[in-house]
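Given these sequences and hints, build the entire structure.
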Amino acid sequence: MASILKVDDLRGNTAAGNITITSEGGSATQSLQQGLAKAWLDCDNDASLNDSLNIASGTDNSTGNYTHSFTSSMSSGDYSQVVTCRAAELGGVRDVVKVTGSISVQCFTKADSFTVADADRVTQTIHGDLA
Amino acid sequence: MASELRVDTLKDSSGNNSVGMAYVSGGSAKAWAKFDDSATLADSFNISSSVDVQTGQWRFAKTNSMVDTDYVVVGMGGYLIGSFNTGYNSNATETTANHTQSKYDSNFQDFGSGGYGMHNVHGDLA
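If you're matching them up, the sequences are chains A and B in order.
Numbered per the working numbering, the first sequence spans residues 1 to 131.
Numbered per the working numbering, the second sequence spans residues 1001 to 1126.
One or more hints might be untrue.
With beta-carbon atoms standing in for the labels, derived distance ranges [as the list claims (entries may be wrong)]:
| no. | chain 1 | residue 1 | chain 2 | residue 2 | range |
| --- | --- | --- | --- | --- | --- |
| 1 | A | L36 | B | S1003 | 15 to 23 Å |
| 2 | A | A131 | B | S1014 | 23 to 31 Å |
| 3 | B | A1002 | A | T67 | 38 to 46 Å |
| 4 | B | T1063 | A | L130 | 17 to 25 Å |
One side of the interface only, derived from the structure: several residues of chain A facing chain B at Cβ under 7 Å [claimed, not checked]:
| no. | residue |
| --- | --- |
| 5 | G25 |
| 6 | Q34 |
| 7 | G35 |
| 8 | L36 |
| 9 | D78 |
| 10 | S80 |
| 11 | D95 |
Please keep in mind that the hints were generated in silico from the structure rather than gathered at the bench.
Quick reminder that beta carbons are idealized off the backbone N, C-alpha and C, glycines included.
Put into structure tokens, the structure is as follows:
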């Protein structure tokens, strides 16, 4: 019989920040909190958000350079993020400032030795530890 | 005392924002890491060891293995000029020997001293 749990706040019993879930294959367990994306976003080339999680605001710093602030900060700058940019001639992306409260990325065009360029869209996912 | 709750669906108390446990489990990253050019981990999840194989190639072993080899590794380099995600490859050696249920390679343009790599793993745990 299917079961539904209605709840607003999930917390671990032994440690509030650690709830264990069983793997798909049934032979391993992992932390629910550790596996969850802590932030993600889809934004336009002026840093305005189309959709997001845990993103408070976006700033268009300059051509191809965008900063987004977290609503809830990360515990350190050692989180993992993956970014993609969409545009006809874009050749790459890098993160330029990566701190607990925000992250900045820069998009480059491949046209002439990786010149900074605007993207049509930027998408990011961030995994790591919240503060 | 440890407790176990068996449930198929989670909802908020008003009955909205429903998510099935299959999405909670299947949608959670099974591993992630931030590492430097010598494969030293700054922070990670479900990574038991990391090795600097050669320039631009790093190998990671997982604490808990995947159910098969059809899992996803996405990543990018960070900070230094030249550290772009365009060259990222989770198995540049083109051999299954380095992409197994328990380990995988991350390969992209070497980011050198001061740079770092990041990646996330999605798929099913064993």
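Right, here's what the structure says about each hint:
Taken as a hint, the range 15 to 23 Å holds for the pair A/L36 and B/S1003, whose Cβ atoms sit roughly 20 Å apart. Checking the proposed 23 to 31 Å range against A/A131 and B/S1014 shows it holds: the Cβ atoms sit about 28 Å from each other. The hint said 38 to 46 Å for the Cβ distance between B/A1002 and A/T67, and at roughly 42 Å that hint holds. Between B/T1063 and A/L130 the Cβ separation comes to about 21 Å, which falls inside the hinted range of 17 to 25 Å.
With its C-beta approaching chain B no nearer than about 4 Å, A/G25 sits inside the 7 Å limit, and its interface hint holds. The criterion of a C-beta within 7 Å of any C-beta in chain B is met by A/Q34, whose closest approach is roughly 5 Å, and the hint holds. The interface hint given for A/G35 holds, since its Cβ lies 3 Å from the closest Cβ of chain B, which is under the 7 Å cut-off. Annotation: interface hint on A/L36 holds; nearest CB of chain B at approximately 6 Å, less than 7 Å.
Hint on A/D78 holds. Least Cβ distance to chain B is approximately 4 Å, under the 7 Å limit. Among the interface hints, the one on A/S80 holds; its C-beta lies about 4 Å from the nearest C-beta in chain B, closer than the 7 Å criterion. The interface hint given for A/D95 is met, as the beta carbon of that residue sits about 5 Å from the closest beta carbon of chain B, less than 7 Å.
Of the numbered hints listed earlier, not one is contradicted by the structure.
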